[in-house]
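Chemist: This is what each chain is made of:
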Amino acid sequence: MTLAAPSKLGSGLVDASIDVTGARRTYELPDLSHLVALHDVDLSIESGTFVSVIGPSGCGKSTLLRIIGGLEQPDAGSVTVCGVSPKEAAAAKALGFVPQTPALLPWLTVLKNVTLPTKVNKRRNRTPLPDMEDLLRKAGLGDAMHKLPLQLSGGMQQRAAIVRAFGLRPDVMLMDEPFSALDEFTREALQEQLLDLWEETRSTVVFVTHSVSEAVRLSDRVVVMAPRPGRIVDVIDVDLPRPRPAALLESPEFHHYEGAVRDRLREAFEHGSRAGAAKGDQ
Amino acid sequence: MTVIEERAAGLGRGVVAATTRDVRAHRRRRRLAFLRPTYWAPFAVMLVVVAAGWHLGAERMPYLLPPLSDVFGVLRDEPGYFVENSWVTLREALIGLGIGFAVAFLLAILISEVPVARRAIMPIAVVLNVTPLVAIAPALVVAFGFGAAPKLILTSLICFFPILINTAVGLRSVPKQVLQVFQTMDASRWEVLRHIRIPGSLPYVFAALQIVFPLSVIGAVVAELSAAGSSAGLGTTIQVATSMNRLSMVWAAIFVLALMGSLLLLFATVVERKVLHWHESKQSDS
Ligand SMILES: Nc1ncnc2c1ncn2[C@@H]1O[C@H](COP(=O)(O)OP(=O)(O)OP(=O)(O)O)[C@@H](O)[C@H]1O
Ligand SMILES: [Mg+2]
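Respectively, the protein sequence lines represent chains A and B. Going by the working numbering, the first sequence opens with residue 1, and the numbers climb by one from there. Going by the working numbering, the second sequence opens with residue 1, and the numbers climb by one from there.
Please keep in mind that the hints were generated in silico from the structure rather than gathered at the bench. Mixed in with the good hints, there may be bad ones.
Stated by the list, open to error - List time: in silico DSS-like cross-link candidates among lysine-lysine, alpha-carbon distance up to 25 Å:
{"#": "1", "chain 1": "A", "residue 1": "Lys87", "chain 2": "A", "residue 2": "Lys119"}
{"#": "2", "chain 1": "A", "residue 1": "Lys147", "chain 2": "A", "residue 2": "Lys112"}
{"#": "3", "chain 1": "A", "residue 1": "Lys119", "chain 2": "B", "residue 2": "Lys176"}
{"#": "4", "chain 1": "A", "residue 1": "Lys138", "chain 2": "A", "residue 2": "Lys119"}
{"#": "5", "chain 1": "A", "residue 1": "Lys112", "chain 2": "A", "residue 2": "Lys138"}
{"#": "6", "chain 1": "A", "residue 1": "Lys147", "chain 2": "A", "residue 2": "Lys119"}
{"#": "7", "chain 1": "B", "residue 1": "Lys176", "chain 2": "A", "residue 2": "Lys138"}
{"#": "8", "chain 1": "B", "residue 1": "Lys274", "chain 2": "A", "residue 2": "Lys138"}
{"#": "9", "chain 1": "A", "residue 1": "Lys138", "chain 2": "A", "residue 2": "Lys87"}
{"#": "10", "chain 1": "A", "residue 1": "Lys122", "chain 2": "A", "residue 2": "Lys112"}
{"#": "11", "chain 1": "B", "residue 1": "Lys176", "chain 2": "A", "residue 2": "Lys122"}
{"#": "12", "chain 1": "A", "residue 1": "Lys87", "chain 2": "B", "residue 2": "Lys274"}
{"#": "13", "chain 1": "A", "residue 1": "Lys112", "chain 2": "B", "residue 2": "Lys274"}
{"#": "14", "chain 1": "B", "residue 1": "Lys274", "chain 2": "A", "residue 2": "Lys147"}
In this text the structure is predicted, and so the values were computed from the model without any measurement.
Let the hints inform the model, and build the full structure from the sequences given.
Modeler: Here it is in structure tokens:
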């Protein structure tokens, strides 16, 4: 019997950390000018942490997420996910992605939608396959399992999209404003469910959001970004005990963190508009 | 070139939107109101009006229109003859449609997967589309003779473009975020095609079929009309009857063709309703 290296991850990769070093991404616009969406971004995320990314619109949050997910290449700098390139991590099915819209297939039932990932890139499926019906029931979709996505509310669709991503048992979850289209109550209920799912899997999560309270409630760390050029201005550690029930949102500690994030965000925003104004003066 | 192409694609999309909307509105009404007189009475009245108008016209201008009773008399006297010739035309139409569909569908996949192929194929397809294809029929007959070949070629050519353009648009209609989700799982091109792009294109494909089923009959008949020596088919019937001045025979054949086209359209609609139930549910919900 040979001794294999200890691989604690389902994907066979060793460590679900994310390292972004000096990442730069520039878009060429139709008028041939350049837009720096990410300017020398450094970010390292330890395995198993829940990290939120917050910042004004257009500061490059989605771009950062796409680069980590291997959907886009940085023009300079390097990205490693689970110790390998994003493409290799995707090939190992180490990534789960939840976009801003549920992005379900309208012709498949909810159950078939969430099991479709096991039918692509089959060789890298987890064994045994997770019980998707059970996951759906836990997410409150037990009755909706055999319905089509268009027969569900927006919140239920987004839950199905999250179950689809978690069903892969990914080591790294990438979520781009998954709750932004939902009302406040639905949003808080889904935050709770997301935390429950996460407690089970303890995957590394990068969660893009516009909501300060959402970022503080969910995260171990909050990354604050600023625009023009897109960059990280601060990383705030959130030392609040878990689990974090809805009651926590009322506590002074919670407000303290909210205030801190909001201050940094305001600075980023003012700085961003000043930079924009200066650019306009030239 | 890209402008032409986009315009062609836009045209295709417009057609898609229009036909699917019409069909759906039609369907919703039909599901409940099938048996009510308000549903069928207008049509029945219209039928009577048209028949009466026909009757008056036929009485005054016998060289323009034969009496309806003569037309149905011909159909009653020789049902076997019409069944036989309908079958010939229908077979030409369906085989031609099948060939056109297969080629167009495969090319649409090629176009959507390989940009170079797209740049090579689209201009030719667009030129083919703006050419009045019925004008090619005589040339095809000269080249391929009086057999089935020119009829199948013409029919498949006529059916080709609507299927190509609609399928190509349909294959590209998948939302970017869906593709991104499956890209982060490293789904292969084939897997994306099979699980996402092809099923997602079906509404567009069926919209094309609604257009193309009736077109296929036109293709077959035009080719028969152009081939003076053809031995069978309703187009041939029309041609022979015309040369012998048998107006009621001509109209009997036209009636049968109209019936055939309607039945094909009905068939396409019924299959579409079965396959695209998920698509329809979207409509009734919103
Ligand atoms: N494909 C693209 N082509 C050109 N510019 C782009 C492209 N994608 C993003 N950008 C630009 O890059 C900048 C960053 O975009 P990004 O989508 O990452 O912002 P964001 O922080 O996610 O914003 P939001 O909060 O509004 O989603 C924006 O100014 C955007 O206009
Ligand atoms: Mg974004």
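Chemist: Next step is simple, just say for each hint if it's right about the structure.
Modeler: These are the hints, each one checked on the structure:
no.: 1; hint: Lys87/A x Lys119/A; verdict: 19 Å, holds
no.: 2; hint: Lys147/A x Lys112/A; verdict: 10 Å, holds
no.: 3; hint: Lys119/A x Lys176/B; verdict: 20 Å, holds
no.: 4; hint: Lys138/A x Lys119/A; verdict: 22 Å, holds
no.: 5; hint: Lys112/A x Lys138/A; verdict: 17 Å, holds
no.: 6; hint: Lys147/A x Lys119/A; verdict: 20 Å, holds
no.: 7; hint: Lys176/B x Lys138/A; verdict: 29 Å, violated
no.: 8; hint: Lys274/B x Lys138/A; verdict: 33 Å, violated
no.: 9; hint: Lys138/A x Lys87/A; verdict: 31 Å, violated
no.: 10; hint: Lys122/A x Lys112/A; verdict: 15 Å, holds
no.: 11; hint: Lys176/B x Lys122/A; verdict: 22 Å, holds
no.: 12; hint: Lys87/A x Lys274/B; verdict: 40 Å, violated
no.: 13; hint: Lys112/A x Lys274/B; verdict: 19 Å, holds
no.: 14; hint: Lys274/B x Lys147/A; verdict: 17 Å, holds
This entry does not satisfy hints 7, 8, 9, 12, going by the numbered hints stated previously.
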